[in-house]
Amino acid sequence: MQLKTTSAMLYLDGVSVSFDGFKALNQLSFVIEPGEMRAIIGPNGAGKTTMMDVITGKTRPDDGDVYFEQGAYDLSKLDETEIAELGIGRKFQKPTVFDMHTVEDNLLLALKNDHSVRATLFWEDSSAQQDRINQILDIIQLGSARARVAGSLSHGQKQWLEIGMLLAQEPKLLLVDEPAAGMTDAETMQTAELLKEINRDKTVIVVEHDMAFVRELGVKVTCLHEGSVLAEGSIDQVSTDERVVEVYLGR
Amino acid sequence: MGAFPLTRLLDRSSAVFLILLAAFAMVIPTLNLLVPASSDLHVSTYLVALFGKYICYAMLALSIDLIWGYAGILSLGHGAFFAIGGYAMGMYLMRQIGTRGVYANPILPDFMVFLNWHELPVYWYGFNYFAYAALMIFLAPGLLAFVFGWFAFRSRVTGVYLSIITQAMTFALMLGFFRNNFGFGGNNGLTDFKDILGLNVQAEKTRNVLLVASCLALTICFLICRAVVTSKFGKVLVAIRDAEARTRFLGYRVEAYKLFVFTLSACMAGVAGALYVPQVGIINPSEFAPGNSIEAVIWVAVGGRGTLTGAVLGAFVVNYAKTFFTTGWLAPYWLFVLGGLFIAVTLLLPRGIIGTYEWWRARRVEKQSIPIAAEAPHAAE
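Here the protein sequences come in this chain order: A and B.
Last residue of the first sequence: 251 in this note's numbering, with the numbers rising by one and none dropped.
Last residue of the second sequence: 1381 in this note's numbering, with the numbers rising by one and none dropped.
Just chain A, same shape as in the assembly (with noise of 0.2 Å):
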């Protein structure tokens, strides 16, 4: 079922939320395409997390568009659940991982199979989500804290599970909300190739405060303010824009 002709891996349009009356997002519009890593910046309650709370399905827009993987789905009209399963992984600003969980379970969970009650029930472990699991803990280096509780972990290694956890769900488009916070530089930048890495067969939205961190990732960037798109496309350029320079950089 074609809703909408449009070749974006995502494509908003005209996208509108308001809380009593407080324009989160207002006429937000911009499209992502297949393979691109895109970041996007902007001062508090520019509308970054409310942008990915509408993508993810948590909040519903109350005007505009959303559609996912060229036009085939309508994102505005499916619930978290559904859109995880279409494969949309997002990645909270504050780690989120199952702390009573080892570090293994919490992958375990994340895999992309089955999720109705009845397949978990039966379930029984494989050879195969087992190699899934220790290629994972390779990449995002955990894998001597496999048998670990998360709780225990750092917060950098939170980040990284966390990461990893989205690996794991193997979605199509990954929506990363600040994942240098927090982090000491060396980590920051280990996160930036590990992102870049990811990026090579996904397409990666990332939201970051840290313009070091997107100057390291390299990638088109698009700056929000009060609801919608203030300014696109290179980190030069946009760092350069006088308005953007005004409400967010700082003169």
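By construction, these hints were calculated from the structure, which means they are not laboratory data.
Hints are supplied without guarantee of correctness; some may be wrong.
[What the hints assert, rightly or not] Here are some of the chain A residues that sit facing chain B, going by a computed Cβ distance under 7 Å:
1) E80
2) T81
3) E85
4) R90
5) T96
6) F98
7) D99
8) M100
9) D105
10) L109
11) A110
12) H115
13) V117
14) T120
15) W123
Every residue gets a Cβ at the ideal spot worked out from N, C-alpha and C, and that includes glycine.
Chain B: place on chain A using the hints.
Same frame as chain A, now just chain B:
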């Protein structure tokens, strides 16, 4: 089939618990039936019935632990499912009285004759058959839980709001069952039972049979709970408990998980209530009282939520204390003791008895393994 390996179902504390329960189910009837009353070892029939009651409470606690301890659903109305299971059994027992009632009506229970009813209400049909009643013991509480859960979980009612509406549910049912025209005996409830499956409910032997049956039912419920919580389903439940939104964004249909486990739990509570009624000899609307449900939650908190064995232990400890404190001169102080216990557990023992023990053991194991863990990186390099 390797789907349920025994090692998965039975960890050390589960195995210890089941062995103790089996020993209990064998020793108590032996001491009651075979040891003469004059002996110090003799267990009175009063105690047999009391222990049978505790086992039913333990089953109720287990059902609460399954949803509260693992899925984070704090039901403060689980007594309702217990009572409904009890009423289903009570209806069967009423129909067994037959012509031995005060009014000797072969079909109608005494209270209906007294109310001048001439026909058995449709929903009483079939309860003269034990098999039908046994089915209803699961179905009636299960159906109520399913419908209630369907609306509550779909609307994403969680936390304290869910707890409040479960309280409202049991309170509303209590008011309903108090009414004579509901057809469940009004405030007197159902009592004066004579036979269960042809055995006299008052007889010493029947009491022992009921105790053993209760222990058996508790064993089965416990194994079902273990199978659920040790499966991947159980891991998803804990995930929902600790980070519901995260679980949704991973593509799990959270409401379906909650609905399944809530309904399963209600069925177990119903079985507990059904076994409870013949042992205490009465079921009346006060079983729906909100206080009962809250007390059952305290049992779980005392024993340790999320441990299963803790729920059983908690039910025994608190109810034994209740029996002790409500007989004799201490009787007026029971509610103070219960309230104090709840505060003490929350402040001093937030993991409960079993939870604290398991935590202490896990820490000890961790401490022992630290030297090995410290060596590991060097070995790897």
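Status of each hint after checking the structure:
The interface hint given for E80/A is met, as the beta carbon of that residue sits about 4 Å from the closest beta carbon of chain B, less than 7 Å. Evaluation of the T81/A hint against chain B yields a held restraint, the C-beta minimum of about 5 Å falling below 7 Å. With its C-beta approaching chain B no nearer than about 5 Å, E85/A sits inside the 7 Å limit, and its interface hint holds. Hint status for R90/A: holds, given a least beta-carbon distance of 5 Å to chain B, under 7 Å.
Because the closest C-beta pair between T96/A and chain B is about 5 Å apart, less than 7 Å, the hint holds. The beta carbon of F98/A is positioned within 7 Å of a beta carbon in chain B (closest approach about 5 Å), and the interface hint is therefore held. Here the hint on D99/A is kept, as its CB sits about 6 Å from the closest CB of chain B, short of 7 Å. A cut of 7 Å between beta carbons decides the hint on M100/A: the least distance to chain B is about 6 Å, and the hint holds.
Annotation: interface hint on D105/A holds; nearest CB of chain B at approximately 6 Å, less than 7 Å. Of the supplied interface hints, the one on L109/A holds, with its beta-carbon coming within about 6 Å of a beta-carbon of chain B, less than 7 Å. For A110/A, the interface hint holds, the least distance from its beta-carbon to any beta-carbon of chain B being 5 Å, beneath 7 Å. With a cut of 7 Å, the hint placing H115/A at the interface with chain B holds, because the nearest CB-to-CB distance is about 5 Å.
Nearest Cβ of chain B to the Cβ of V117/A: about 5 Å, under the 7 Å cut. The hint holds. The beta carbon of T120/A is positioned within 7 Å of a beta carbon in chain B (closest approach about 4 Å), and the interface hint is therefore held. At about 4 Å, the closest approach between the beta carbon of W123/A and any beta carbon in chain B falls short of 7 Å, and the interface hint on this residue holds.
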